[in-house]
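Visitor: Sequence:
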Amino acid sequence: MAAESNVKYFNLSDDKSILSVNISKNLINEWFEGKRRKLSLFICLDLSGSMSGSPLSQAKKAILHLMECLFTGGVLPESEVTCFFYDSTCQVVRFADNPNLRWQNGGIQEYFQKHVNIRGGTSFVSVFDKIVENIKTIEKDVAIIFFTDGQDMSGRNNLEASKIRLQMALSAASHATDLAQITMLIVETMETTRQLLELSDQTLYVKVGDQEPLPITFNDEGCGNLVLTGNTSNVDGKKITILKDLEKYEFPTLPSQILANDPMANSLIISHIQFEITQMTNEVLSYRDNYVNKRERLDEILEQANIYNDQLNSILETTFKSKSLKRSSTIQKMMEVKSTMHNFKNLLSEALKGTLTNEKIASFNDLAYKNITKTRLRGKLENHNQESEENKTKFTCTITTDNYIEAMRGGECICLTLDVARSQAAIADPSLINIKAINQTFLSSGAFLDSVRFALDDSYDAEKVHGGFQPASFIASIVHGVANENITGILPLYINEKHWSIAKERIKPILGYLTTLDIFGYSYTQVTTILAKAFHDTSTEFRRDQAKLILETCDAIYKQSKTLRKENIDLFENYMKSPANRTIDIVPNNFVFLGHMLCALRCGDINSQDVKRWLQDKLIIYLIEELIRRRLNKFETVENEMSNIVKVLGIDEEKYINVTIREFESEYIKKLNEPSNNVNLHDSNAIRQALTVNVQLYDSNTYQIPDLSFITIIKNSVNSQIETILRFNRIFESLIADSTNTVESILVTPEFQFTKDQTDLVNMFFGIYTPKVQLVTFLQSFLHRENSARREAIESEPTKYYDPFSELTADIIISRSFNEYVTNTLNQKTSEILQKYANLYSDEVGMAFLRCINFVKAARILMEDVKFRGHFTYARIIKALQEPSLCLAREKIEMVVYGTYNGIKLFEDVPKYPDDPENVARFNENVIWSPSRKNVYRMIKALQNVIPEKEYWLRVMPAKHKEYIEKQFYGSD
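In terms of our numbering, the sequence shown opens at residue 1 and continues consecutively.
Rather than coming from a laboratory, the hints here were simulated on the basis of the structure.
Hints are not guaranteed to be accurate.
[Unchecked claim] Below, a list of computed lysine to any residue pairs in the SDA-like style, where the Cα atoms sit at most 25 Å apart:
hint : residue 1 : residue 2
1    : 857       : 900
2    : 612       : 646
3    : 345       : 311
4    : 345       : 646
5    : 61        : 100
6    : 618       : 604
7    : 829       : 871
8    : 655       : 715
9    : 829       : 715
10   : 715       : 751
11   : 508       : 103
12   : 238       : 577
13   : 577       : 613
14   : 8         : 311
15   : 244       : 226
16   : 836       : 667
17   : 60        : 279
I would like the entire structure built from these sequences, with the hints used as guidance.
Guide: Structure below.
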């Protein structure tokens, strides 16, 4: 036993040291076997309105993380957990009472998802009273953890009384009770939680020399650490004794000192800093607004946190350069502590600013639980001695030289390396990440993240490290691979189930960083984007193995994504029903869509008959047309050219437009010059019907396809993407043709050994269709390049959307666009001609009315040449009333205003809706013209010298302008 037991110490400072005690596993087993602490756990969750949103969501996550570790780690069975869900009342849920509430069958998770929701106001009285009731029935130790924002609506007297009852109940209990702080915040008491998860009450007492015994907790390996301060910190030359009840164990040798250059010193410092972060966190979360020295104390904590952070950086830098066998595990532990430190400093910053909200605390707690879970996972990995040497060698990290089993023991996974580029658009749509290359180098997730941190520390330009949001031509590199290739991203791989249990946790922050430079920017679509890239090159065995690994990784993710799987089944069917279901807002990425379909087929969510039906119904053609349509949106190189429909369709404007317009104007002039005709020469529709002009429209027999150079430009921009779609198609066709085929088996056949720049499938595809069919497909795609235009075309009656790449609809699309342009252009130009002559006519009418010196002739002009107040010539009459040279000004103003002359009606206006009494009444009220203030001003200003009498203007103009006229023109106050 002595050979297995030892005690060492490391001096942190003059008055602080760490005692590291190792005792025999046999002794641990002897003292603790069969004596695991009997424990019940009370979890109290606040469901009041103030917890709505993220606070409740994060609290539920934290509770489920805690339960997962308790149940899967064998610390507690479900029957020892009781939940108290409280608002103004309290609901008690004992898992022991319901056999369906078990972790393995998903019952607990489902209960939290469906039944744990926001309710009313907070009352701690209700939960305290329920705890008192239930604690009386427990004959073992109890741990109580609260998740709350602390806002209480109970009366103060009721609350204090309830607290007293709770304290009395806890004091009277014959067993121990750990009560997590009720700090009026969502607080994860990490010490209590860690004890529940890791320690199993293996607590002994250590005596240093003649000092009082101090409690120390051991893990299953017999290792325990104790921080000594003040007078007790000096252990040099002092005898160490371990005590348990009446038993004791004396170390035969005195404690030995651990020197600063010993790797064990770093391990102890890291553990100590981790412990201190926990202590500081609890202190920060426990402060109240009325804490007198709060600011001063928080500043002290910040200063100490910075000291710890500098220590971690120094250790990390030294460890990264070392060749120690513990290098990888030390770096991994360092990264976890640094992550916790980073989150703690963010929390502290919010506390210093006074902006520490429940939501931010909840987020911090969520991250803390994940770190605890990860630590336990690393400790529970089994040995994989039966793994083949080939796999161990194949999946080896280039930097650490760890094979994937060694990486797993360190809590890491092996990843495929990538070179990526991203635009700002990738933040909103992660599928838009550009996979520039899939490399041959493998890295562990930890080695990659370490490389990111050190590359960023060493570089003054972060974009040269990760590439930022620069175009694909921008060269960046975090680290170089075995072939000196640039590595800017990684993909955690599915190698087997054990490896995947770690990889699936690592994949989220890694792919989030990969796409958005934000570890929380993860989306599954990123992975299926990489799958499409893998099919770009399957020409070698190595590339085919890569494709297989990526496909299996996609399968693993897809299988666990229940919601996604269900949604995709509907998505596939709906895609075929309407082109409105193919737009980017519904299917963000065509390659992701195909990748999902392949995974769904492999997982059994859809069958080969489904895929066969979709392929026969032109799935691939629709995907290609949608790809072209999206490419044409904001494609500046061809946008101006394609916007010119004359050039796109090759319309001969001389033949179809100019000749017709010249003929129309000639015919119109003839009609104008005829001494008598029955056609209103100022009614455009009547004129067009009266004139017999030859209009030429589209004729498929004489139509000639124009130069299609712009189509070549578009093809070149999408060829590689269409090639990928067609490769998916070939894979689907092969899987359908023979049920024994798999993607892995068909990739080794020559037919499926694709090369990167090969476009044979694209050339074959376009070779099937005539230039006319290609022209109309690209034209329709351009006209519908915006989603709103596509939807409008689909919904119009008759439809303006036609099947792409179809001989049957080619002439329909061309004739519609051709004839629409010709007709619209002719209408526009004929309207311009008519307007030109109408303006001349109106000017003549207005001038005649202005100069007319005969009452009867003036009235006749209004009756015969104007007729309607809504006629375009009426504006010329109003203009005439505003000229100082207006003849017979008094009489003409009254003719226009009243619309009569000697009792004769001068205008033919009628109610718009003669059968509507209200419309008729409004019309009768407005028979008299009511000029605007602007027109009143212009008339009086022009004619005041001719008609100086105020009384005239007040009589003729509307009463509403009386005050204005008096003040503006006659100086009345």
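Visitor: Please write out, lowest number first, the hints stated earlier that are contradicted by the structure.
Guide: The structure conflicts with hints 2, 4, 8, 9 and 12, although it agrees with all the remaining ones.
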